[in-house]
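Asker: From just these sequences and the hints, can you work out the full model?
Chain order of the listed sequences is Z and A. Just so you know, we're using my numbering here: the first sequence kicks off at 15 and counts up by one. Just so you know, we're using my numbering here: the second sequence kicks off at 2 and counts up by one.
What the hints contain is simulated information worked out from the structure, not anything from laboratory work. Be careful, since some hints might not be right.
[Claimed, not checked] Below are the EDC-like pairs computed for lysine to aspartate or glutamate, each with C-alpha atoms no more than 16 Å apart in a straight line:
(1) Z:K182 to A:D40
(2) A:K32 to Z:D152
(3) A:K4 to Z:E39
(4) Z:K182 to A:D30
(5) Z:K155 to A:D30
(6) A:K4 to Z:D40
(7) Z:K182 to A:D33
(8) Z:K160 to A:D21
(9) Z:K160 to A:D33
(10) Z:K22 to A:D51
(11) Z:K84 to A:E15
(12) A:K4 to Z:D48
(13) Z:K84 to A:D21
(14) Z:K160 to A:D30
(15) Z:K54 to Z:E27
(16) A:K4 to Z:D38
(17) Z:K66 to Z:D16
(18) Z:K115 to Z:D152
(19) Z:K155 to A:D29
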Amino acid sequence: MDLNNIKKSLLNESHLCSSFDCGDEDLNDFLVNDALNNQKINFSVTRIFEHKNDIVGFYSLVNDSINKSKIAAEDHITEIAYNSYPAIKIGRLAIGRKYQKKGYGNFILTNSIATAMFYSNYVGCRMITVDSKVDAIDFYKKYGFKEAHAGRKYNAGSSVPLYKDLLK
Amino acid sequence: MAKPIEIGLYLEGEDARRFDDYINNPDDDTKDGRKMMSDARKLAKKMMIDGFE
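Answerer: This is how it looks when you write it as structure tokens:
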């Protein structure tokens with residue numbers, strides 16, 4: 015893995031997205047058909063990672079929030095008495111087939127978290143959230159992400175919400 | 002069109018309690034998670050100095 019030759023840039027019309035294949039049709043479809051439009055309407059912003067003009071992977075970020083129901087005081091002592099937490103969501107993250115299992119997922123996830131940390135210096139943001147594909151849950155859990163709904167069963171193709179505290 | 006990105010996570014009952022436990026326990030992370038957060042912090046600091054690429 016040669017990370018020194020990875021070029022990062024915001025998605026634009028010049029990127030050759032149609033050749034990207036991560037093995038998941040929905041993620042491919044998102045990059046090819048939706049990501050740029052989402053960016054134009056300020057819904058999500060996509061960052062592309064390339065090696066010699068070949069797309070290694072991408073992530074798309076959007077503002078998010080975690081809202082939790084109140085818990086009885088006798089049940090629990092909370093250090094911070096907030097019921098909503100500002101977050102940045104990794105709406106989509108994908109690695110091209112030929113770059114999978116080579117450490118690029120770690121690299122791109124680290125970059126997405128660093129971006130959230132960078133912006134948290136300007137706008138309050140405590141959590142990072144992600145909607146994971148079912149087969150990628152273990153990847154996020156390896157890095158300390160927590161499943162939002164413990165014990166829930168998901169069908170293949172479902173999105174599974176996970177979160178991680180940026181202060182960890 | 003791909004499945005839209007959904008915004009807003011709502012936690013109730015046991016999920017909310019688990020979230021509170023997590024938030025209030027600074028040591029609740031994996032070894033790989035700690036390394037990733039440390040690397041991300043260094044990268045974020047570099048972004049502050051060099052500007053966001």
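Asker: Evaluate each hint against the coordinates.
Answerer: Outcome of the hint check:
Taking the CA atoms of K182 of chain Z and D40 of chain A, the gap is about 12 Å. The hint holds against a cut of 16 Å. Using a Cα cut-off of 16 Å, the hinted pair K32 of chain A and D152 of chain Z holds, with the two alpha carbons roughly 14 Å apart. Proposed proximity of K4 of chain A and E39 of chain Z is supported: the alpha carbons are some 10 Å apart, at most 16 Å. Distance hint between K182 of chain Z and D30 of chain A is fulfilled; the C-alpha atoms sit about 7 Å from each other, no more than 16 Å.
With a C-alpha separation of about 10 Å, the suggested pairing of K155 of chain Z with D30 of chain A holds against the 16 Å cut-off. The straight-line distance between the Cα atoms of K4 of chain A and D40 of chain Z is roughly 7 Å, inside the 16 Å bound, and the hint therefore holds. As the CA atoms of K182 of chain Z and D33 of chain A are separated by approximately 12 Å, the hinted pair is consistent with the 16 Å bound. At roughly 12 Å between alpha-carbon atoms, K160 of chain Z and D21 of chain A fall within 16 Å of each other, so this suggested pair holds.
For the suggested pair K160 of chain Z and D33 of chain A, the alpha carbons sit about 14 Å apart, so the restraint of at most 16 Å is met. For a cut-off of 16 Å, the pair hint linking K22 of chain Z to D51 of chain A stands: about 14 Å separates their Cα positions. For the proposed pair K84 of chain Z and E15 of chain A, the alpha carbon gap of about 11 Å is at most 16 Å, so the pair holds. This hinted pair checks out: K4 of chain A and D48 of chain Z have alpha carbons roughly 10 Å apart, not beyond 16 Å.
The suggested pairing of K84 of chain Z with D21 of chain A holds, with an alpha-carbon distance near 10 Å, which does not exceed 16 Å. Our distance criterion of 16 Å between C-alpha atoms is met by K160 of chain Z and D30 of chain A, whose separation comes to about 9 Å. Our distance criterion of 16 Å between C-alpha atoms is met by K54 of chain Z and E27 of chain Z, whose separation comes to about 11 Å. With a C-alpha separation of about 12 Å, the suggested pairing of K4 of chain A with D38 of chain Z holds against the 16 Å cut-off.
Proposed proximity of K66 of chain Z and D16 of chain Z is supported: the alpha carbons are some 12 Å apart, at most 16 Å. For a cut-off of 16 Å, the pair hint linking K115 of chain Z to D152 of chain Z stands: about 13 Å separates their Cα positions. Distance hint between K155 of chain Z and D29 of chain A is fulfilled; the C-alpha atoms sit about 12 Å from each other, no more than 16 Å.
Checked against the numbered hints listed earlier, the structure breaks none of them; every hint is satisfied.
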